[in-house]
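A.B. asks: Based on the hints, put chain B in the right spot on chain A.
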Amino acid sequence: MITTEDEYALIDKILAGDRQAYAVLVDKYKNYAFTIALKILERRPEAEEAAQDAFVKAFHHMRSFNRQAKFSTWLYRIVFNTAISYKRKKRPVFQSIENSIVEYSEHADQKMERDDKQLFVAKAMNCLNEADRLSIQLFYLQEFSLDEVAEILGQNLNTIKVRVHRARQRLADELTKILKQEALTL
Amino acid sequence: MKMVSQEMEDQLLRYLDGELNATESKVIERKIMMSSDVSTRLEELRLVRSFLMNRARVEAPSKNFTQKVMNDLDVLPARSTASFRNGLLILIGSILVSVIALVLLSAGVFDSTTTQFVVGSPLKNNWFAFPSLRIPFNGKMFVNGIVFLNLALAFVLLDRTVLKPLFQKRTFFEY
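As you go down the protein sequences, you meet chains A and B in turn. Under this note's numbering, think of the first position of the first sequence as 1, with each following residue one higher. Under this note's numbering, think of the first position of the second sequence as 187, with each following residue one higher.
There may be inaccurate statements among the hints.
Quick list of in silico lysine-lysine cross-link-like pairs, DSSO-like style, CA-CA up to 27 Å [unchecked claim]: (1) A:Lys39 <-> B:Lys326; (2) A:Lys39 <-> A:Lys90; (3) B:Lys254 <-> A:Lys89; (4) B:Lys254 <-> A:Lys30; (5) B:Lys217 <-> A:Lys180; (6) B:Lys350 <-> A:Lys89; (7) B:Lys350 <-> A:Lys13; (8) B:Lys217 <-> A:Lys90.
Label-pair restraints from in silico Cβ distances [to be verified]: (9) B:Gln192 <-> A:Ala122: 22 to 28 Å; (10) B:Glu210 <-> A:Ala21: 44 to 50 Å; (11) A:Cys127 <-> B:Ala246: 28 to 34 Å; (12) B:Ala246 <-> A:Ala21: 46 to 52 Å; (13) A:Cys127 <-> B:Gln192: 30 to 36 Å; (14) A:Gln181 <-> B:Ser248: 38 to 44 Å; (15) B:Ile281 <-> A:Ala21: 43 to 49 Å; (16) A:Glu130 <-> B:Ala246: 38 to 44 Å; (17) A:Gln68 <-> B:Asp260: 27 to 33 Å; (18) B:Leu344 <-> A:Gln181: 50 to 56 Å; (19) B:Gln253 <-> A:Ala122: 41 to 47 Å.
Hint data in this document are derived by calculation from the structure and do not stem from the laboratory. Even for Gly, the Cβ is constructed at its ideal location relative to N, Cα and C.
Chain A extracted, bound-state conformation (with noise of 0.2 Å):
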């Protein structure tokens, strides 16, 4: 466990010239550095990518970092930021239907039941605009408190608040609604 005065200690190493005291901090905020970058893209890859690239450049620029926050929610900004101009160059990318690999499975019924619910609520989650839906899910990541959300998104603590609670309000309005109309095609 690194404590925050640990942490500094390591910052300080690594302005000094240490390089490898670097890996002790990414190995340990490379999860949810990653985690937020695959919420915004959705794609492992790409997540991956931009999670490496926000660690490089926070490396490159540890001296903005003014000890003012935690060097986590420094760090997950520079990823939040890496992640989305990664989003605004994306182009979609076409799958053939060839290449796609289908599993069979023993278990099929549970698991298509599992993705139906799945399914539903990410149809409702398509309902609510980016931040709203990145908002809501920072939050139940329960790593980050709602100070730190608002502080990863670059946004004001009660516009996060508010945010996240229409948002859920939003979402069971969409899934009542969705879940209905499912009902009534049965």
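C.D. replies: Okay, now just chain B, sitting in the frame of chain A:
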């Protein structure tokens, strides 16, 4: 159409998040018991909450992630050829040229540079005479055009090499 008020929805969300104190919780629980609309809405919000909680898992990148980052540390981020310094120099030069041109214009240096270019017929024959083409040239207008283009270039340079990198840096790395 919503069956419960916005205020009640806010209370239900706070109840689900465990933000209400004991007294507030008791009040909301009584309302849930008394109204089927409120209890239905609570169930819907609870469903959303549980779905979101289930989806909220932390993903792990590939095993060699850290190694890749460490290898890439030496690779400097790609820089555009129009660096901050170069951009600033071209910007100053461009503004200087525009100022000089404007001073010369206001001094009337280009007032007498009006002429006409005559383009003769490309074919010469004895049967038909093609009319020659006359293109008027106004030196003052020409310099005005150059000044306009120079200023447009200066604005683009200001945006690309000074303002954009500055704001990008502030957005990315500073609070």
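A.B. asks: Give a verdict on every hint.
C.D. replies: Evaluation of the provided hints:
| no. | hint | in the structure |
| --- | --- | --- |
| 1 | A:Lys39 <-> B:Lys326 | violated, 58 Å |
| 2 | A:Lys39 <-> A:Lys90 | holds, 15 Å |
| 3 | B:Lys254 <-> A:Lys89 | holds, 22 Å |
| 4 | B:Lys254 <-> A:Lys30 | holds, 12 Å |
| 5 | B:Lys217 <-> A:Lys180 | holds, 25 Å |
| 6 | B:Lys350 <-> A:Lys89 | holds, 17 Å |
| 7 | B:Lys350 <-> A:Lys13 | violated, 32 Å |
| 8 | B:Lys217 <-> A:Lys90 | violated, 49 Å |
| 9 | B:Gln192 <-> A:Ala122: 22 to 28 Å | holds, 26 Å |
| 10 | B:Glu210 <-> A:Ala21: 44 to 50 Å | holds, 49 Å |
| 11 | A:Cys127 <-> B:Ala246: 28 to 34 Å | holds, 29 Å |
| 12 | B:Ala246 <-> A:Ala21: 46 to 52 Å | violated, 22 Å |
| 13 | A:Cys127 <-> B:Gln192: 30 to 36 Å | violated, 19 Å |
| 14 | A:Gln181 <-> B:Ser248: 38 to 44 Å | holds, 39 Å |
| 15 | B:Ile281 <-> A:Ala21: 43 to 49 Å | holds, 46 Å |
| 16 | A:Glu130 <-> B:Ala246: 38 to 44 Å | violated, 24 Å |
| 17 | A:Gln68 <-> B:Asp260: 27 to 33 Å | holds, 30 Å |
| 18 | B:Leu344 <-> A:Gln181: 50 to 56 Å | holds, 53 Å |
| 19 | B:Gln253 <-> A:Ala122: 41 to 47 Å | violated, 33 Å |
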